[in-house]
Structures are given as C-alpha cells and as structure tokens.
Amino acid sequence: MKIDWAALASVFGVSLVVTVALVGLFTVGIVSLSKLSATAGGSASGGSAALARTGAYACFAACVAAVAYGIYLIVA
Amino acid sequence: MEHITLLLAIVVVTALVFDFTNGFHDTANAMATTISTGALKPKTAVAMSAVLNLIGAFLSVEVAKTISGGIVNEDGLRTEVIFAALVGAILWNLLTWLVGLPSSSSHALFGGLIGAAVMSAGWSSINGGTVVTKVLLPAIAAPLVAGLAAMLATRLTYRINRNVTDPNQLKSTAKGYRAGQIASAGLVSLAHGTNDAQKTMGIITLALVTGGVLAPGSNPPMWVIVSAGLAIALGTYLGGWRIIRTMGSGLTDLKPPQGFAAQTSAATVILASSHLGFSLSTTQSCSGAVMGAGLGRKGGVVRWSTATRMFVAWGLTLPAAGLVGAGAEFLTKQGPWGIAVTATLLVGGSFAIWLASRRQPVDHTNVNETAGGDEPQGVVTTAIAAVQPPPIGTHPTDLMTTIPAPAAAPDDTARPSATV
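So the sequence lines, in the order shown, correspond to chains C and S.
Numbered by my numbering, the letters in the first sequence go through residues 1 to 76 in order.
Numbered by my numbering, the letters in the second sequence go through residues 1 to 420 in order.
Hints were generated in silico from the structure; no laboratory data involved.
Built from N, CA and C at the ideal position, the CB exists for glycine as well.
Among the hints, a few may not be true.
Over the 10 Å line for every Cβ pair with chain C, so calculated as not near, a few chain S residues [as the list claims (entries may be wrong)]:
{"id": "1", "residue": "G122"}
{"id": "2", "residue": "V209"}
{"id": "3", "residue": "L295"}
{"id": "4", "residue": "W354"}
{"id": "5", "residue": "S357"}
Computed Cβ-Cβ distance ranges for the label pairs, DEER-style [claimed, not checked]:
{"id": "6", "chain 1": "C", "residue 1": "A61", "chain 2": "S", "residue 2": "I4", "range": "47 to 53 Å"}
{"id": "7", "chain 1": "S", "residue 1": "G129", "chain 2": "C", "residue 2": "A50", "range": "57 to 63 Å"}
{"id": "8", "chain 1": "C", "residue 1": "A50", "chain 2": "S", "residue 2": "K298", "range": "33 to 39 Å"}
{"id": "9", "chain 1": "C", "residue 1": "G13", "chain 2": "S", "residue 2": "G212", "range": "24 to 30 Å"}
{"id": "10", "chain 1": "C", "residue 1": "Y57", "chain 2": "S", "residue 2": "K171", "range": "17 to 23 Å"}
{"id": "11", "chain 1": "S", "residue 1": "S124", "chain 2": "C", "residue 2": "S10", "range": "32 to 38 Å"}
{"id": "12", "chain 1": "C", "residue 1": "A65", "chain 2": "S", "residue 2": "G277", "range": "22 to 28 Å"}
{"id": "13", "chain 1": "C", "residue 1": "A58", "chain 2": "S", "residue 2": "N219", "range": "23 to 29 Å"}
{"id": "14", "chain 1": "C", "residue 1": "V64", "chain 2": "S", "residue 2": "K333", "range": "17 to 23 Å"}
{"id": "15", "chain 1": "S", "residue 1": "L355", "chain 2": "C", "residue 2": "A21", "range": "46 to 52 Å"}
{"id": "16", "chain 1": "C", "residue 1": "V17", "chain 2": "S", "residue 2": "G38", "range": "26 to 32 Å"}
From just these sequences and the hints, can you work out the full model?
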C-alpha cells in the first residue's frame, strides 16, 4: 500500500489557497461595487467611484479567469 | 450492435438506472446550498444542474477505463459480476436517499463491485491497499480539506463585509453572493456530469467488451454516451430532495455568504483533487464544505447528530453495498433463473423503498423546511441511531472517530437484503 502523501498535500494546499483567494477577491469586488450603489444617491466623488468600480471589475475578472480555468480543466 | 444478449441488455439498463440514481443522489452536491439560501428557486436550480450535467457528459471524451480504478482486478470480470455490483450500488443509493443522507455513489459502486468480485473469484481479486488509499483515506481527507477551506473562506468573507450596513449596500452584496454561488454551483454540476456520466459509460463499455460485442479498448458507441448523459440529467432533474434538505439545511443553517464560500470550496476541491492525482468524493467534499461554512460564521452551528449519522452512512457504504453485491452475485451464479430473481428483487426492492418514501414525501415545495427531527424514522434511521454515540462536543476530531464504524455493519446491512 503506497499512499501518495505528496498528491494529498498538494490537493490540500491548492484547495485552501485557491478557495480563500477566490472568495476573498470576489467579496472585495462585491463590497466595493456595493459602496457605489450606497453613495450613488449621496455626494460621491467621481474619482473614488471610478477607482472602486475599476477595482471591483479587476476582482471579478480574476474570478472569471479562475472559473474559465476550471472549465478548461473539466474539458481537458 | 450485433448480438446483444438478454443478460447484456439487462446490465446496460441496470447501469443506466445506476446512472439515474447517481444523478438523483448527487443533485444535492451542486444545488443544496443554492436552494437553501434562496439563490435559485428549487425547480430552477435542479433544471440548471440537469442541463449542466448533460453538457458535462458530452464535454470530455476521456472515458473511465476501469470501474474501480484498480480496487478490483477487472481482467476477465464476468458480465454477471458487473450486474451484481450495480444491484448493490443502486439499492444502497436508494436506501441512503430514503433516510436523506448524502453518501458517495462511487463508493457504493466500489462496494458492490468488491462484494460481487469476492463472491465470484475470492478475496484475491481485491487490492486491499487500494481500498485504503482510494476509499478510506479520501473519506477522512475530503471533509477536512473542503471543510477547512470553506471555514477560512467564510471567516474571510464575513471579515471583509463586516462594515457593510447600509441597506442599499446590503442589497447589492446579496446580489453578488447570489451570482457567485450560482457560478460555483454550475461548475460543480459540470464537473459531476463529466466525471460520473463517464463512469457509467465506462461500465457499459466494459460490459459490452466482456460480452464480446465491442473489441477491447474501443470507445463507447454514440448511443451509450447519449443515454448515459440523459439518464444522469433526468436523475438530477428529479432531484433527491431528501438529500438536498439534509445538506442544505439539516447540517447547518446557511446564509448566502456561507453558501457561496461552501460551494466555491467544494468546486475547488473537486477540480483540484481530480487533476492533482488524489481523487476525493464529490459528496464528501460538499458535505465537508457545508459543515466548514457552518463553523466559519460567528454563531453558526453544525448539527453534529445529523453529521454523525452521515459519517456512519459513509462508513457503512462499502460493507453494505458489498454485502448486497455479494448476495446478488451468489444468486446470479446459480444460472439464468438466479439472474431473473436478482432483477426481480432489484425492482421489488426499489419499489418498496419508493413506497416507503411516499409516506413522508419531500419535494421542491418543502425542501427548505428544517430537517431537524422530522426525518422519516425508517428502520435504517433507527438502526443508525442505535449505533450512534450520544451527542458529543463540537471539536472536529469527531470526524475521525466516527468514520470507521464497520462494527455496525452486520446489524444494518441486513436491512437492504431484507428489504429486497
């Protein structure tokens, strides 16, 4: 009986890092987008709104890339 | 397709039935959290999962070369043995569905195959070491990996959004979590369709090869691919509502951020494990992720009594399906009449389980009602409750202590064979 500890450890590490990173990125994205909708009625300064929007879209882009890579893994 | 014998036809149909119960059993993995947090309406969720399973079945051309991945020596496996293994796996799948416990369909199939192979060719046809590395160790590792990832991710997402209090902002983040959850649930469905429909295609192809219809090493015919994809999608669409209820609201109460973290963790673990060479069960990863997400929220609780019953079911999967598989193989060895008897018992047993389920139906209308104490108290539930240790503390070491419960096997596994 040979247990592939290395494979198990890499599954453990990769899953942990990827999950936390993705959830973190996505949350940062939706939270900064939500600030936009909260300040929309008030006096939002154009600069910070644009920054928040760009940041959020960058986060989502990273998540979309990760999902695309996931689909690629399924198909390949 | 020239010369398909009656036996072969029976095996193909049984394999498709297994595929159906597989889809039916595993809808919960992809959609339970989505349904319980309200991200999608129950019917929409299962429909989406079914479509993605169907697509998944056609996506990959890499068909499983073996049924068991080396657990059982499959050279010269007789068609009857495959049939007996499928009988064991189907009955265990239906039984765990009746009591609403998520358990791995692949492990049920392994169990059935082990039982049938031992009955057919003796213990030498089993690789004991592979059983440990492919079944026992993953059963401990999967919930730990997925659970830890989901727990940390849940903590993180709550930490990042803790300052969000404005109602507009809350509405906007809720929409975000919803979208994220649907995306990761979709990934799980797609991966499931690819992996598990391939497995059935592998079984049918193997049966056709052993039956001499296909040349060894040939690819599955188109009708096999189409029917396996359709069977799993249909099963998924009908939805194992009982299991969805346990996983979505029985183990813990999920809020949208938790559902998102759990589903993302499950999707990541499934993809990482199948591509880094240490495959983990989808069901066990998802259940682990749900529990981890439950622990990650402040004030979140995991219902350890439900979790314990689930772990006991995981421990019983292999021996129980194995015993039924062995019994079925014992019958099919007796000749054509034995095969007929086994087929009749399979149909009768499935029908009996379905009848039992009608006493307390769970469907898309009541899937989100708390499962807490009102699960159907079938014989198995009582049997499992009897072997279950009294309520215990909330430290995760319990994960390990409850899994190896084969001592309970004879007690409980008498049931499926008694039902048939």
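> Which of the numbered hints are not met once you compare them with the structure shown?
Replying inline: 9, 13 and 14
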